[in-house]
Amino acid sequence: MTQQVAVIDYGMGNLHSVASALEHAGALEVTVTHDHAAISKADRVVFPGVGGIRDCMDAIRGLGCDQLLEQAITVERKPVLAICVGMQSLMTTSDENGGVACLNQVPGEVTFFGSPHRASDGTRLKVPHMGWNQVVQKRPHPLWAGIESGTHFYFVHSYHVVPNDPDLVVGTFDYGLSGCAALARDNVFATQFHPEKSHQAGLTLLKNFLSWDGTC
Amino acid sequence: MLVIPAIDLKEGQCVRLRQGDMSDSTVFSDDPVAMAQQWHAQGARRLHLVDLDGAFAGKPVNASVIERIAKALPELPIQIGGGIRDLETISQYLASGVQYAIIGTMAAKDPDFVKAACKAFPGHIVVGIDARGGRVAVEGWASDSELDATDLAKRFADIGVHAVVYTDIDRDGMMQGVNVEATVALAQSSGLPVIASGGISRIEDVEQLMHHADSGITGAITGRAIYEGTLDLRAAQAMVDTFLGVDLVALAKRIIPCLDVDRGRVVKGVNFVGIRDAGDPVEIARRYNEEGADEITFLDITASHEERDTTVQTVEQIAREVFIPLTVGGGIRALQDIRTMLNAGADKVSINTAAIHDPDLVSAAAARFGSQCIVVAIDVKRVSEPKSSPRYELFTHGGRKPTGIEAVSWAKKMAALGAGELLLTSMDRDGTRDGFELTITREITDSVDIPVIASGGVGTLQHLADGVTQGGADAVLAASIFHFGEYTVREAKQFMASEGIPMRL
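As given, the protein sequences belong to chains G and B, one line each in that order. Here our numbering is used: the first residue of the first sequence is 1, the next is one more, and so on. Here our numbering is used: the first residue of the second sequence is 1001, the next is one more, and so on.
Calculated from the structure, these hints are not laboratory results. All clues stand as given, with none of them false.
Derived lysine-lysine pairs resembling DSBU-like cross-links, with alpha carbons at most 30 Å apart:
(1) B:Lys-1381 / G:Lys-126
(2) G:Lys-126 / B:Lys-1412
(3) G:Lys-126 / B:Lys-1413
(4) B:Lys-1387 / B:Lys-1401
(5) B:Lys-1059 / B:Lys-1109
Only a predicted model underlies this, so the values are computations on that prediction, with no experimental measurement involved.
Given the sequences, and given the hints that come with them, work out the whole structure.
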């Protein structure tokens, strides 16, 4: 199986680490691009994202990346990995920046942790949820291969996704609430955490993505 | 409280004795490494190894097996006892990856040796007190002494031993339950953390001990019971965690090694003077990454602008091979500097002096790049007189230039402007190895909702733990204790975990 990966670049920051982590995980050719032809040619697509959702959505729409994703997900049915704000962009709406309409690829909402955000025993929790938290695997999935449930991944976010269909959740984190750490539907896998910043566990997940055929 | 599986080694095999009698042993396995891996897989968070041959010989006999176990399970802290009679042996064990050395016979014979060991290897020394009818037994339990166990323990109260392993020989290997009263009495009279051993054979024994966790019972060693299946290790630890409210699914506290880089070299000075070369930043970053660092901070302390290109190249190189978050600070003055560093592979940038000159830079940066990548560095000094109520102010230029800005209100302001995290450095402590300035750390962590990294003054692993448990920090940053090979990042994480701090191990 070829390992041509397109990392969608909509101009919102550091894609360098996603690309080098993919290369480290064994991708033969990684292209960081928003060129339609290049993405169409790739075998698999990574949809990263950092920053505020409004600017991200503006950039995504401005560069036509919404159509690109639609094409990759529902027409070409390629394996797609969405990361952090990339994952949040797939939902219907986000509460961030006063409410922003997103891509509605996965019906659901993106909501704020709350301020102050508290654990069940009343202790105050910092927001953003920043650092290494354990991901409990809710369902088996090819991308979890070789990764134990409860493994730490690196998170940094103040908003989290709540898909309408709870069965899509394949991994959760605990931070004053049980949040969606990862969701999967057909050829789409999306993570709130950053596999490219999650050391060995993250590299394993990326390696699994590179050999994934897009089925669950 | 930890439930700690024991592996007793005799001629390279895993055995259990009854009441310490070498002629009454049962062989459980001839593969100690596999046995250790099995307990690790069942959720053990520490391993208790005993070199039985060593205890009788007075020097290590199974050291090579122990080293193999330590190498196979670098993330699992190990305590080792048996035949530890000199500092050289302790040094060799620690070098091979063992976390704690248990001094038994020598502790009874020569308490000053324990003192010397604690001084040489702070945080790594456990005292083993084995008693029969309240009297201390030595030399693999082959001989008794006139020494009272409690009296002996009291001698070690204030010299920095990590814990006492208290073994009741009458109960050991007899599967007749643990001597709770004697163990608790020892903990209470000595004030030391006590790990109970001997006779722990059913979950009820663990349960009895856990109700005394607040008296200082920090562990329960179990041997024969888990081998014979009368005690389920995982179930016992789960019961303890639930009872004590240990939330295993918790955001881990972070250890962040810091590279102060000047003209392409990692350096570290005391209070920013007396610079000492610590090596190549890429190489060092790679090492910390392998040791399990949670993040890396790169502070460019190069004075001149011309060297900025070197910094960008170094950041690029680190980002290409280190797949954990990377923060870059030093010389960040404008949005373009942030863009440059993020493009080079930084995940976060740290803004220091520029935030003082232009606080709006923080809000502009947060709006453009997201709060998650904006760290504001706050360098503070105590300005109040020793006996008056503490007041801390911001200083620039490595602590030389006062600004008159009060630290706590500044921290709140930075959080309100959109900083995603604060890096708090005590310039009074930086490079001193006296520990974090916990007063201001606590005050700031309690006043803002964003994460705070404590920095400045780390000299021991205990300091790192104190930053979290007393200072309330979400992450701790240190440089020299890691640069010069004193401790590995992994050791630091294991230590913090053993202090009950949630860590990614």
